[in-house]
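Going down the list, the protein sequences come from chains P and S.
Residues 1 to 113 (this note's numbering) make up the first sequence, in order.
Residues 1 to 507 (this note's numbering) make up the second sequence, in order.
Please keep in mind that the hints were generated in silico from the structure rather than gathered at the bench.
These figures come from a predicted structure and were not determined experimentally.
Some clues are possibly wrong.
[Stated by the list, open to error] A few chain P residues that face chain S, going by a derived Cβ cut-off under 8 Å, partial list only:
{"id": "1", "residue": "28"}
{"id": "2", "residue": "90"}
{"id": "3", "residue": "93"}
Every residue gets a Cβ at the ideal spot worked out from N, C-alpha and C, and that includes glycine.
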Amino acid sequence: MEVLMSLIVGVLTACGVYLTLRGRTFTMVLGLTFLSYAVNLFLFATGRLVVGQPPVIAAQMAGYTDPLPQALVLTAIVISFAMTAFIVMLALKAYAELGNDQVDGRAGQGGEP
Amino acid sequence: MNHLVIAPLLLPLLTGTLLLLLRRVLPLNVRRWLSLAAVTAQVVLAALLLLAVSNGDILVYALGNWPAPYGIVLVADRLSAWMLLITALLAWFALLHAIWGTDPGNRHFHPLFQLQLFGLSGAFLTGDLFNLFVFFEILLLASYGLLLHGGGAVRTRAGLHFVALNLAGSTLFLFAAGTFYGTLGTLNMADLAVRIAATPPDNLSLVRAAGLLLFGVFALKAALVPLHLWLPAAYSATSAPVAALFAIMTKVGVYALLRVGTLIFGGEAGPVAHLYAPWLLPLALATLMLGVLGALSVTDLRRQIAYLVVVSVGLLLTAFSLGTQAGIAAGLYYLAHTTFAAAAFFLLADSIARGRGERLDRLHPGPPLAQAGLVGGLFFITAVLIAGLPPLSGFLGKFLVLRAALAEPVWPWVMGLVLTSSLLVVVALARSGSLLFFRAQGVAAAPPVTAGALLPVAGLLALCLALTLQAGPLVRFTQATADQLLHPQGYIQAVLQPIADRETQHQ
Numbered sequence: 001m002e003v004l005m006s007l008i009v010g011v012l013t014a015c016g017v018y019l020t021l022r023g024r025t026f027t028m029v030l031g032l033t034f035l036s037y038a039v040n041l042f043l044f045a046t047g048r049l050v051v052g053q054p055p056v057i058a059a060q061m062a063g064y065t066d067p068l069p070q071a072l073v074l075t076a077i078v079i080s081f082a083m084t085a086f087i088v089m090l091a092l093k094a095y096a097e098l099g100n101d102q103v104d105g106r107a108g109q110g111g112e113p
Numbered sequence: 001m002n003h004l005v006i007a008p009l010l011l012p013l014l015t016g017t018l019l020l021l022l023r024r025v026l027p028l029n030v031r032r033w034l035s036l037a038a039v040t041a042q043v044v045l046a047a048l049l050l051l052a053v054s055n056g057d058i059l060v061y062a063l064g065n066w067p068a069p070y071g072i073v074l075v076a077d078r079l080s081a082w083m084l085l086i087t088a089l090l091a092w093f094a095l096l097h098a099i100w101g102t103d104p105g106n107r108h109f110h111p112l113f114q115l116q117l118f119g120l121s122g123a124f125l126t127g128d129l130f131n132l133f134v135f136f137e138i139l140l141l142a143s144y145g146l147l148l149h150g151g152g153a154v155r156t157r158a159g160l161h162f163v164a165l166n167l168a169g170s171t172l173f174l175f176a177a178g179t180f181y182g183t184l185g186t187l188n189m190a191d192l193a194v195r196i197a198a199t200p201p202d203n204l205s206l207v208r209a210a211g212l213l214l215f216g217v218f219a220l221k222a223a224l225v226p227l228h229l230w231l232p233a234a235y236s237a238t239s240a241p242v243a244a245l246f247a248i249m250t251k252v253g254v255y256a257l258l259r260v261g262t263l264i265f266g267g268e269a270g271p272v273a274h275l276y277a278p279w280l281l282p283l284a285l286a287t288l289m290l291g292v293l294g295a296l297s298v299t300d301l302r303r304q305i306a307y308l309v310v311v312s313v314g315l316l317l318t319a320f321s322l323g324t325q326a327g328i329a330a331g332l333y334y335l336a337h338t339t340f341a342a343a344a345f346f347l348l349a350d351s352i353a354r355g356r357g358e359r360l361d362r363l364h365p366g367p368p369l370a371q372a373g374l375v376g377g378l379f380f381i382t383a384v385l386i387a388g389l390p391p392l393s394g395f396l397g398k399f400l401v402l403r404a405a406l407a408e409p410v411w412p413w414v415m416g417l418v419l420t421s422s423l424l425v426v427v428a429l430a431r432s433g434s435l436l437f438f439r440a441q442g443v444a445a446a447p448p449v450t451a452g453a454l455l456p457v458a459g460l461l462a463l464c465l466a467l468t469l470q471a472g473p474l475v476r477f478t479q480a481t482a483d484q485l486l487h488p489q490g491y492i493q494a495v496l497q498p499i500a501d502r503e504t505q506h507q
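The shape of chain P in the complex, shown without the other chains (with noise of 0.2 Å):
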């Protein structure tokens, strides 16, 4: 599990890192949704794999899952959706007044054709 739960972060994170320095904000965006989901998982990881336990002590239980990750991720998820809202808005607010959707706000240099 470990090995595969490392691979996803770790291609998230190339997806991500690939995306975001891509020219056009679409893909911008996507790219740095990408991050954040990797983040998220990373964040869900820093407390240990753990399979089948609850997040609190108890008594009949054998382990616990740490939980304080668990409230690192749902604050972080509800961060970067908020984030990925608001550039998503500024991006098509950016494509209405500059006229193409490239990052640096200049049509046909630097993005595909």
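Fit chain S to the supplied structure of chain P, relying on the hints for placement.
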């Protein structure tokens, strides 16, 4: 527990919420006065907090009465209170300028302004790394709204870059915080400082990687080279009062670097002690020089001021990177000066741009200003302050930094680059001043600037004058602050003592 610690957070939050809810009910004038009254109260609260901690006490406020490290704590020490007071004073004058003219353009200006203050105060007060991330996001979200205040294609493009960069920065912050939690098992900064010294060798490289990730994030906020490219576009595109308030935004990054650099990676962090030191000084000096070259090369005044903000960040971090009491004390004094002076310059540039008709603030000979004498005089004083010429506070700040650097082996570099940059700043500002005021031709194109626009500028310059006149007591205070930062045991004990007491009671 002293509830004064949380008051600077609650006041802007409640005022901001109230202004948002009542924006359709109350007329604009009432909302303006409500906002200004709240910021006035914020100044009073910050001053009271500064008095309460000025004798060296560290006030800890455990939210929900959960003791650290299990709960989140707010910690007020000399540094936090000093930053809070600077922020509140700056916000007061920026708001005064906004009330005079630009706030009707955005219905949400006042709530966003208050939320920005909330985020800034929280970032300065919190004693928890993840909470610092949350307050960063709050102040950034408010700043996104404020940056776009007034609209326009240039602002939208600058805003898009600013938001995208900061989202990437937030992701890195989370990676760093996650790595800290995974390796050290805590996010409370005082607890991190205790545990980092006992890091097992296996985790050492992970902790170092997390620390340097954090350095990258704070460097992005502080606009340290090579992460400074967003700043000139964002600051020069936004409206004047927002640009003035943003003078404190880079200082949040500088504050975070100083706090984490002295508390977590301070002298007692064992194998990771002074983690930032080898990176900070070269980058700070590079920031200084690249900022000056930018200021020389630009063609409009506001962009030039934005580059001067980059220069000031370079000088500040040069002072902090010396790592000595004298260096940090000099930096903290210079921080107050440069914040007020840069804000005054942004507000003044707006008045100049309005007075020159179509030429705006482009550095081209244009029509003369209607009150060239008054505005030119203010420009001259501000330029003297920013360039660090005697006898005003800019000179005192730079002198203190250079004197602190003399005690270090790197002094030739610091001395040479700081003095060269000062000379080039003088050249850049002299060129702007002569283009704007002396080479004017034709007749005045715009009506005279009203007193309301120049009053905040004069007020901020008066604050710099007060910094000059009261330099003795203030430098003694910043020296005590630096002392407190270099001996973090007091901070750690103040945060972690309650839980230790509780555990001894149970035994």
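Enumerated hints in conflict with the structure, sorted upward: Result: no hint breaks.
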